[in-house]
Amino acid sequence: MQFLFQKKSLTFSIILFVFSCFVFLFLYSNINNNKKALQLAQEKWQVEAMRRENARSLANSIKAIESEKILLETHFIQSSDVVPFLDIIEKLSLEVGAKTEIISVDVKDSSSLVVEVEALGNFETIYKLVLLLENSPYNLEFVLVDIQNSNPQNVSISKSNKNQQWMATFKIKLLSFVN
Numbered sequence: 004m005q006f007l008f009q010k011k012s013l014t015f016s017i018i019l020f021v022f023s024c025f026v027f028l029f030l031y032s033n034i035n036n037n038k039k040a041l042q043l044a045q046e047k048w049q050v051e052a053m054r055r056e057n058a059r060s061l062a063n064s065i066k067a068i069e070s071e072k073i074l075l076e077t078h079f080i081q082s083s084d085v086v087p088f089l090d091i092i093e094k095l096s097l098e099v100g101a102k103t104e105i106i107s108v109d110v111k112d113s114s115s116l117v118v119e120v121e122a123l124g125n126f127e128t129i130y131k132l133v134l135l136l137e138n139s140p141y142n143l144e145f146v147l148v149d150i151q152n153s154n155p156q157n158v159s160i161s162k163s164n165k166n167q168q169w170m171a172t173f174k175i176k177l178l179s180f181v182n
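FYI, in this note's numbering the residues of the sequence shown are 4 to 182.
Keep in mind the hints are simulated off the structure, nothing from the lab. Check the hints yourself; a few may be wrong.
As the list claims (entries may be wrong) - Distance windows between CB atoms, simulated:
(1) E46 / T14: 45 to 53 Å
(2) P87 / E144: 49 to 57 Å
(3) L13 / L41: 19 to 27 Å
(4) I105 / Y130: 14 to 22 Å
(5) A58 / P87: 28 to 36 Å
(6) D90 / R59: 35 to 43 Å
(7) F25 / R59: 49 to 57 Å
(8) E144 / E93: 30 to 38 Å
Glycine residues also receive a C-beta, built at the ideal position from the N, C-alpha and C atoms.
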C-alpha cells in the first residue's frame with residue numbers, strides 16, 4: 004500500500020510539475036507579448052512626441068521668420084500693386100520737405116518698372132531725397148537724374164542760398180519688380 008501511495012504521489016507530483024511548466028510557459032509568453040506590445044506602444048509614442056516637437060519647432064521657426072518674410076514680401080513689388088512703391092516715394096519726399104509729382108509709371112520688358120518723378124525743393128532736400136530713395140527697401144536703379152536750379156539768374160557762386168528752388172527729374176527703374 005505504501006508503494007501505491009508513493010506511486011500516486013509521484014504521479015500527482017509529475018502532473019503538477021507538467022501543469023506548472025505549462026502555466027509558466029503560458030505566463031512567460033504572455034509577458035513577452037505584453038513586453039513587445041509595450042515596446043511598440045513606446046515607439047509609437049516617441050514617434051508621435053517627435054512629430055509634435057517638430058511641429059512645435061516649425062511653428063516657432065515660422066514665428067521667428069515672420070518679420071523677415073514680411074520684409075522680403077515688401078521688397079518685391081507686384082505688377083498688380085505698384086501703389087506701395089509710389090506711396091514710399093511720396094512719404095520720403097514729405098520727410099525731407101520736397102514737393103514731388105509722379106509724372107509717369109511704365110512697365111518695361113515685363114520685368115522692370117520705370118517711374119518718372121519731378122521734385123521741387125532746395126538743393127539739400129533734393130539731395131536728401133536721392134539718398135533716401137537709394138536706401139529704400141526696394142532695389143532701385145537711377146536711369147536719369149537731372150537737377151537744375153529753377154531760377155538760374157539768381158545763382159551766386161560765392162553765396163549759397165538755402166531758399167533757392169531746385170527742380171529735379173528722376174527716372175527710377177525698380178529692379179525688384181515681379182510681373
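Notebook entry, point to check: Hint by hint, which ones does the structure fall short of?
Noted result: Failing hints, ascending: 2, 3 and 8.
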